[in-house]
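Colleague: Sequence:
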Amino acid sequence: MKRCFEGIGLQCLLKNGNVVATQPPKYLLIFDFDETIINENSDDSVLWALPGKQLPESIRQTYREGFYNEYMQRVLKYMGDQGVKMADFKAVYENIPLSPGMSGLFQFLSKQQDHFEIILMSDANMFGIECALKAAGTYSLFRKIFSNPSGFDKRGYFTLGPYHSHNCPRCPANMCKRKILTEYLADRAQEGARFERVFYVGDGANDFCPSLAMKFTDVAFPRKGYPMHQLILEMEKSQPGKYQAAVVPWDSAVEVCSYLQEILKKKC
Numbered sequence: 048m049k050r051c052f053e054g055i056g057l058q059c060l061l062k063n064g065n066v067v068a069t070q071p072p073k074y075l076l077i078f079d080f081d082e083t084i085i086n087e088n089s090d091d092s093v094l095w096a097l098p099g100k101q102l103p104e105s106i107r108q109t110y111r112e113g114f115y116n117e118y119m120q121r122v123l124k125y126m127g128d129q130g131v132k133m134a135d136f137k138a139v140y141e142n143i144p145l146s147p148g149m150s151g152l153f154q155f156l157s158k159q160q161d162h163f164e165i166i167l168m169s170d171a172n173m174f175g176i177e178c179a180l181k182a183a184g185t186y187s188l189f190r191k192i193f194s195n196p197s198g199f200d201k202r203g204y205f206t207l208g209p210y211h212s213h214n215c216p217r218c219p220a221n222m223c224k225r226k227i228l229t230e231y232l233a234d235r236a237q238e239g240a241r242f243e244r245v246f247y248v249g250d251g252a253n254d255f256c257p258s259l260a261m262k263f264t265d266v267a268f269p270r271k272g273y274p275m276h277q278l279i280l281e282m283e284k285s286q287p288g289k290y291q292a293a294v295v296p297w298d299s300a301v302e303v304c305s306y307l308q309e310i311l312k313k314k315c
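So in my numbering, the last one in the sequence shown is 315, and the numbering has no gaps at all.
Worth double-checking, as some hints may not be accurate.
So the derived label-pair ranges between C-beta atoms look like this [said to hold, decoys possible]:
id, residue 1, residue 2, range
1, Lys73, Val301, 41 to 47 Å
2, Lys271, Phe114, 24 to 30 Å
3, Met282, Ser187, 33 to 39 Å
4, Ser299, Pro103, 32 to 38 Å
5, Lys314, Asp135, 44 to 50 Å
Worth flagging that the hints you see were computed from the coordinates, not collected in a lab. Ideal placement from N, C-alpha and C gives every residue a C-beta, glycine not left out.
Please build the complete structure, drawing on both the sequences and the hints.
Modeller: As structure tokens, then:
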């Protein structure tokens with residue numbers, strides 16, 4: 048027989064007539080950053096720190112498909128040449144708005160840390176993510192953040208590097224989130240963490256790849272109308288049954304929050 052403690056949702060059992068508390072379930076909840084946690088692409092947002100608010104065509108034309116990280120390195124060098132400093136970048140990151148409903152979702156998660164282990168995987172950069180999350184008061188919710196290394200050199204220029212190398216044909220050269228996810232799950236398993244379910248909240252094409260590693264018990268939350276959602280719909284149409292995770296599209300993170308709340312209620 049299962050019951051739960053009123054108000055705190057702890058799963059419990061009746062043993063010999065006595066209530067015995069058990070460990071709450073552990074879920075892994077994964078977030079993307081750009082256009083998921085925040086409502087903009089932070090690489091576009093930082094251009095507002097430029098004196099002219101935009102890049103010259105000569106820089107924009109250097110972009111190559113699959114090599115966005117290298118392109119951003121050139122963008123940041125140009126911004127350094129134009130006198131953009133750390134304080135300018137920091138101010139931009141701290142003022143990027145959260146996506147609709149995201150603040151409420153984080154408030155809910157802050158009260159459910161026994162149930163959810165939360166990580167972030169992003170092709171943005173560590174400095175920008177830390178600035179934005181700390182400004183929003185949500186940095187401490189994340190057990191781990193996976194993103195491209197970044198910092199400021201002796202000149203005060205914002206520098207960016209690739210996260211890792213990989214052989215995935217789907218992903219940009221500097222980051223495969225599926226590789227990050229599978230390695231994280233393996234590492235946590237060695238540490239004794241066994242996740243009952245995995246939840247993934249994202250929007251981009253590079254969020255589709257890690258979601259392919261998810262099982263039928265897991266849930267993908269793609270932002271409605273964004274590349275991750277479109278790629279899932281295309282696979283479900285062209286290869287029915289191949290995409291295993293349940294799919295719950297969202298316009299507002301309120302929808303994600305409501306779904307997770309229902310999951311916890313069902314555990315009781």
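Colleague: Quick check on a hinted range of 44 to 50 Å for Lys314 and Asp135, using CB atoms only.
Modeller: With Cβ atoms ~46 Å apart, the hint holds.
Colleague: Using the beta carbons of Met282 and Ser187, state whether their distance is inside 33 to 39 Å or not.
Modeller: With a Cβ separation near 36 Å, Met282 and Ser187 satisfy 33 to 39 Å, so the hint holds.
Colleague: Assuming the hint says 24 to 30 Å, is it satisfied by the Cβ distance from Lys271 to Phe114 or not?
Modeller: 29 Å, holds
Colleague: Given the hint of 32 to 38 Å, is the C-beta distance from Ser299 to Pro103 inside that range or not?
Modeller: 37 Å, holds
Colleague: Mind checking the hinted window 41 to 47 Å against the Cβ distance between Lys73 and Val301?
Modeller: With a Cβ separation near 24 Å, Lys73 and Val301 fall outside 41 to 47 Å, so the hint is violated.
Checked against the numbered hints above, the structure violates only hint 1.
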